[in-house]
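All chains should be modelled from the sequences, with the hints used to inform the complete structure.
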Amino acid sequence: MSGANFLFWVYALAAGGSAIAVVLTQNVVRMAFWLIVSLGSTAGLFFLLGADFVGAAQLLVYVGGTLVLLIFGVMLTASGPFINMKTNPGELVLAGVVGCALLGVILSTTGAVAWDALPSSQHQQKLGFNPPEDGSTLRPLGMSFIGLRPDKDLDRKGTSGQLSTGYLLPFEIVSVHLLVVLVGAAYLARAKRRQGS
Amino acid sequence: MPALFAADSSIAKFLSDHIGETWGYGLTALIHAVLIIHFFAVAPLFYIWLERKVAGRIQDRLGPTRVGGKFGWLQTLADGIKLIQKEDLCPGAADRFLFRLSPYLVFVASFGAFLTLPWSDGWIAQNLDIGVFFMLAVMSLEVIGVVFAGYSSGSKWALFGGMREAAQVVSYEIPMAICALVPVIVAGTLNMVDIGRMQSGWFTNWFVLHDPFCCLAFFVYFTVATASVKRAPFDLAEAESELVAGFHTEYSGIRWSYFFMAEYASMFAVSGIATALFLGGWYTGIAPIDEGLFASIREVGGSPAEGVTTLGSYVVNLIGMTIFLVKGSALVFFQIWIRWTLPRLRIDQVMTTCLKYLLPISCFLLVGVSVWPLLLNSCIGRTTLVPGEAAALGNKVPRVAPTTTGRKTVAISLTNDHGETIPGILFDPVPITATAERE
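Top line first, the protein sequences correspond to chains A and B.
Quick note: the first sequence uses the working numbering, first residue 1, plus one each step.
Quick note: the second sequence uses the working numbering, first residue 1, plus one each step.
Be a bit skeptical, because a hint or two may be false.
Below, in silico cross-link-like pairs of lysine-lysine (BS3-like), each with a Cα-Cα straight-line distance of 30 Å or less [claimed, not checked]: (1) B/356 / A/192; (2) B/156 / B/86; (3) B/53 / B/82; (4) B/53 / B/86; (5) B/70 / B/86; (6) A/86 / B/156.
Far from chain A by the CB rule (all over 12 Å, computed), these chain B residues [claimed, not checked]: (7) 41; (8) 46; (9) 72; (10) 80; (11) 173; (12) 233; (13) 330; (14) 341; (15) 361; (16) 368.
None of these hints come from the bench; they were simulated from the model.
Small disclaimer: the values here were computed from a predicted structure and weren't measured.
No residue lacks a Cβ here, since even glycine has one placed at the ideal position from N, Cα and C.
Written as C-alpha cells, this is what we have:
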C-alpha cells in the first residue's frame with residue numbers, strides 16, 4: 001500500500017467514523033466536535049486529491065464559519081449547562097430514509113462518471129504551469145472563473161472563431177444571489193422599532 | 001502523493017531518490033513538521049521574555065533580571081518547568097472530554113498555519129498555490145478550541161470569555177481576509193513564495209508602498225490581526241478585570257501553557273503573513289544586496305540557478321530566513337508595545353470598531369485597489385506608479401493582463417512562466433476602454 005493510499009484510508013475512516021459519532025452522540029456540543037473532525041477529515045481528503053482550494057474552502061466556510069456559529073447558537077440558547085438531545089423514533093426513521101436516499105444518489109452518480117475520460121495534466125504543462133502533482137492547483141480554476149479556458153482553447157488555430165466559455169456568468173449569478181441573501185439576513189435581523197413610539 | 005509536497009523541496013527529491021517515494025515523502029513531511037514545531041515551541045519562549053521585558057520598561061521597572069544571568073533570559077524556561085510540574089486539574093462541573101481536548105485544538109490550528117508560511121525563497125513546508133487562503137482558513141479554526149474551552153469548563157467566567165471570543169473572531173475574520181486580498185490583487189497570485197518574489201528589488205517594490213490602498217490596507221490588516229489573535233486592546237476573551245481569566249480560568253499547568261504557546265505563535269503567524277504580503281518577505285529591500293544573495297541561487301521564475309551548491313543555497317536561505325524573522329519579530333514587538341500602551345476596549349466598542357469602521361474601510365480598500373490601475377492608466381498612461389517593468393526577480397508569475405490586438409479591440413491574454421503570451425479573447429470588441437482609445 002502506497003503512502004497516499006494509507007493517508008486516504010486514515011482520512012476516510014476518520015471522516016466516516018466521526019460522522020457516525022455525530023449521529024450517536026446525545027450532547028449537542030460534542031456532536032459539533034465530531035462534526036469538526038468529520039468535516040476536517042473531508043478537507044484532508046480534498047488536499048490529498050490535489051483539490052487544495054476546495055479543501056481550504058471547506059475548512060474556512062464549514063469548520064471555521066458554520067460550526068462556530070452553531071456552537072455560538074447553542075451557547076446562547078442553552079438553558080442548562082450541558083444540554084442533551086432526545087430524538088423520537090419517528091424522526092429517526094425519517095432521517096434514516098432521507099440518508100439512504102442521498103446515499104443512493106451519490107452511489108449512482110459515482111458509478112456514472114467515466115473516470116478514464118478525465119483530462120490529464122498535459123494541458124497545464126503546455127501552459128507552462130506546474131502540473132497539479134507539484135502543487136499548482138488553483139490557476140485552471142481561477143482562469144475558468146474569469147471566463148478563460150486555456151485548457152480547451154490552446155490547440156485552437158488562429159484568433160477568430162468561438163472560444164469555450166468559462167464559468168463567469170454562473171459565478172456572477174451565485175455572487176449576486178449571496179448578496180441578496182446577505183441583504184435579506186440584515187433586513188430580518190435589524191432592530192425592530194415598536195409601532196407608535 | 002507528490003501533490004502533498006512542493007516541487008521546491010530539495011529534501012523530498014533527495015530522500016525519494018534514495019529510499020523510495022513513500023518513505024522519502026513521509027520522512028520529508030516529518031522533517032518539515034519537526035522543524036516547524038521547534039520554531040513553534042522556541043519562539044514563544046523568546047516572545048514571552050520580550051513581553052515581560054517590554055512591559056517592564058514601559059511601566060518604568062526592569063522586568064526579569066536574574067534567571068540565567070543577564071537580562072533574565074531564562075525566565076520563560078523556568079516558568080515552563082514550573083508549569084509542567086503543576087497539577088493538571090479538571091473541574092467537577094466540566095465536560096471532561098472536551099475540556100481536556102480543547103488546548104490541543106487551539107495548538108493544532110495555530111501550528112497548521114505555519115505550513116504555508118514562507119521563511120525564505122523556496123523554504124516553505126508546503127508551497128501551496130493557495131497559501132494565503134490556506135493560512136487564513138486554518139487560523140480561523142483556532143477560535144473553535146477557545147470556544148470549546150470556555151463552554152466545557154462549566155464556569156460562568158469561562159463561558160462569557162468563550163462567547164466573547166466567538167463573536168469577536170467571527171466578526172474580525174471578515175476584514176482580515178479582505179485586507180489580505182488587497183496585496184493579493186496587486187500580485188495576481190495566492191502563492192506565498194510568488195508574492196514574496198514579486199517584492200524583490202528596492203523597498204519601494206514592497207506592496208506596502210505599491211499604492212495608497214495597499215499602504216492603508218497594511219495598517220488595517222495589522223489592527224484586525226491584533227484583534228484576531230485576541231491581543232490587547234482587543235483581549236476581551238480573557239479580560240482579567242472582568243472575567244478573572246476568561247476562557248482559560250479553569251485551566252492549569254501544561255494545558256494552560258498550550259493556550260499561551262498558541263497565542264504567541266499565532267502572533268508571529270499573523271505578523272509573518274503581514275511580512276510576506278506587505279513588507280517584502282525575506283528581502284532586505286536594498287536591491288544590490290538582494291540580487292547578490294538571491295539571484296545567485298535562483299533564476300528568474302524560481303528554478304535553481306546553474307552551479308549552485310546545496311550548502312551555498314542553504315546559507316543564502318538562512319540569511320533570508322533571518323531577515324524574515326527580524327521583520328516578523330518587529331511586528332510582534334509592535335503588538336506587545338500596543339498591549340502595554342492602550343487601554344482595553346469594551347465589548348460593544350470592539351464590535352462597533354469592527355463592523356462599523358474596519359469592515360467598510362477594508363471593502364473600500366478592496367474596491368480602490370482594483371480600480372487603481374485603471375485610474376492610473378487613464379491619467380498617466382501606464383498601470384504602475386513607477387515606470388518600467390515589474391521587479392526583476394518577480395515578473396514571471398503567470399498573470400492575466402489586458403492587451404491590445406491589431407483590431408483595436410481589447411482582449412485578455414495570458415502570460416505563462418516562460419514569458420510567452422497565450423491569446424484568450426474574452427471580450428471582442430469591448431466598447432469603452434482606455435486602452436482601446438489610446439491605440
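A quick look at each hint next to the structure:
Taken as a hint, the residue 356 of chain B and residue 192 of chain A pair is honoured in the structure, with Cα atoms around 19 Å apart against an allowance of 30 Å. Taken as a hint, the residue 156 of chain B and residue 86 of chain B pair is honoured in the structure, with Cα atoms around 24 Å apart against an allowance of 30 Å. With a C-alpha separation of about 20 Å, the suggested pair residue 53 of chain B and residue 82 of chain B falls inside the 30 Å cut-off, and the hint holds. With a CA separation close to 25 Å, the supplied pair residue 53 of chain B and residue 86 of chain B stays within the 30 Å bound.
With a CA separation close to 27 Å, the supplied pair residue 70 of chain B and residue 86 of chain B stays within the 30 Å bound. With a C-alpha separation of about 26 Å, the suggested pairing of residue 86 of chain A with residue 156 of chain B holds against the 30 Å cut-off. The Cβ of residue 41 of chain B lies farther than 12 Å from every Cβ of chain A, with a closest approach of about 23 Å, so its non-interface assignment holds. Here residue 46 of chain B stays apart from chain A, with its beta-carbon at least about 29 Å from theirs, past the 12 Å limit.
No Cβ of chain A comes within 12 Å of the Cβ of residue 72 of chain B; the nearest lies about 38 Å off, and the non-interface call holds. Listed as a non-interface residue, residue 80 of chain B keeps its Cβ farther than 12 Å from every Cβ of chain A; the least gap is roughly 28 Å. Taking the minimum C-beta to C-beta distance to chain A, about 7 Å, the non-interface status of residue 173 of chain B is violated against the 12 Å cut. Every CB of chain A is more than 12 Å from the CB of residue 233 of chain B (nearest about 23 Å), matching its label as outside the interface.
Against chain A, the non-interface label of residue 330 of chain B holds: every CB pair exceeds 12 Å, the least being about 28 Å. At the 12 Å boundary, the C-beta of residue 341 of chain B stays outside the reach of chain A, the nearest C-beta of that chain being 31 Å off. With a cut of 12 Å on Cβ distances, residue 361 of chain B stays outside the contact zone with chain A, its closest approach being about 18 Å. Distance check on residue 368 of chain B: its Cβ is at least 19 Å (rounded) from any Cβ of chain A, clearing the 12 Å threshold; non-interface status holds.
Hint compliance for this structure: hint 11 is the single one not met.
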